[in-house]
Amino acid sequence: MSNKTNKSVCAKLSLFSISAAMVAVMAQSAHAVDVDGQAVFSGLILDSCTVNVLNPGLLGVATDQAKLSSEEIGGAPAAAAIVTNSNNSSVQVLPPLAFETAPVGSDVNTVFTTKYNLSGSTTADEPDGNNLTPLGLGASAMVVNAAAEKTEGTYNGGQYSFVTTVRCVTP
Amino acid sequence: MIKRFSRSMAVLGSALATLSPACAQTVSPMEKIHTSFTDKYVVQITIRNPYANGQLSEIEIYSEDWRPVRGAVLSHKSAYLGGGENLQVTALVPFHPGRKTRYVYICHAITPKSGGRGAAYRGEVCGKYSAIQLS
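Residue numbers (this note's numbering), protein chains in the order written: chain U, 2 to 172; chain B, 379 to 513.
Calculated directly from the structure, the hints in this document are not laboratory data. Keep in mind that this is a model prediction, so the values were computed, not measured. Be careful, since some hints might not be right.
Have a look at the derived ranges for each label pair, beta carbon to beta carbon [said to hold, decoys possible]:
hint : chain 1 : residue 1 : chain 2 : residue 2 : range
1    : B       : Q466      : U       : G139      : 55 to 65 Å
2    : B       : G460      : U       : P135      : 31 to 41 Å
3    : B       : A430      : U       : P135      : 21 to 31 Å
Quick partial rundown of chain B residues pointing at chain U, CB under 10 Å, derived from the structure [unchecked claim]:
hint : residue
4    : T404
5    : E409
6    : F415
7    : R426
8    : P428
9    : Y429
10   : G432
11   : L434
12   : Y458
13   : I488
14   : A498
15   : E502
16   : C504
17   : G505
Glycine residues also receive a C-beta, built at the ideal position from the N, C-alpha and C atoms.
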């Protein structure tokens, strides 16, 4: 084999070796790029609902003394602030079953009712407080009215009070 | 309408001034699904007094139709919590005989002290806690 041929063969072999090495390196690099590490971040936000009764309200008396209501003259509605961090909660206002303070016989033939309206992240006007209203995320202001009404007879003079429940619930 | 809206916003503004929404929660978590290998399951919740002053907290557990749960046990039925204080409450709830699933409501109520006459209002927050019996 002549020197010229040898040199040509050697050059080709070298070129081949270099190419093979490069391919090997690239393959290894490509393999390394495919292996990705993963750092996982996780967190949890717990659903919450807060009911803050701001003022209790007052009962006024109807002229016929058959009704005690926050909507009568001398009465005033109650106010509550409700704050949620999700839209999974609902709110309702439950009327009482009986007076907490009242003259004897006041509970007889008495029907208790509530109504409420909401503003802020939730807007609603609910004439029946037993009905649930879905709450939006954030703060809502609630105005509550309540009444006790005789289906028969009238209320005697004396001190009256009852407890109405503003309930936030996951239905 | 505008007056009513302004009044509502004023109420909301003053409420937010005294209440920190990020931290204020009266029942946590509000909902959870449990599993149990026995005929009862355990629920743990954290209640909080969101008011600035100490208040009496009342804890009740109700069935799906809002009746008392027969056989359920609560670690606390009432507690006096200082302003902003938390309390962990544990409930042991039995499954209905012959049924593998149930849910209950655990409610935390505070009747804030007030100097007003006439109607009084209490705030109540109820979470829903369900369970599956594995066997």
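Structure-based check of all given hints:
no.	hint	result
1	B:Q466 with U:G139: 55 to 65 Å	violated (27 Å)
2	B:G460 with U:P135: 31 to 41 Å	holds (33 Å)
3	B:A430 with U:P135: 21 to 31 Å	holds (29 Å)
4	T404	holds (5 Å)
5	E409	holds (5 Å)
6	F415	violated (25 Å)
7	R426	holds (8 Å)
8	P428	holds (5 Å)
9	Y429	holds (7 Å)
10	G432	violated (15 Å)
11	L434	violated (13 Å)
12	Y458	violated (17 Å)
13	I488	holds (8 Å)
14	A498	holds (5 Å)
15	E502	holds (4 Å)
16	C504	holds (4 Å)
17	G505	holds (6 Å)
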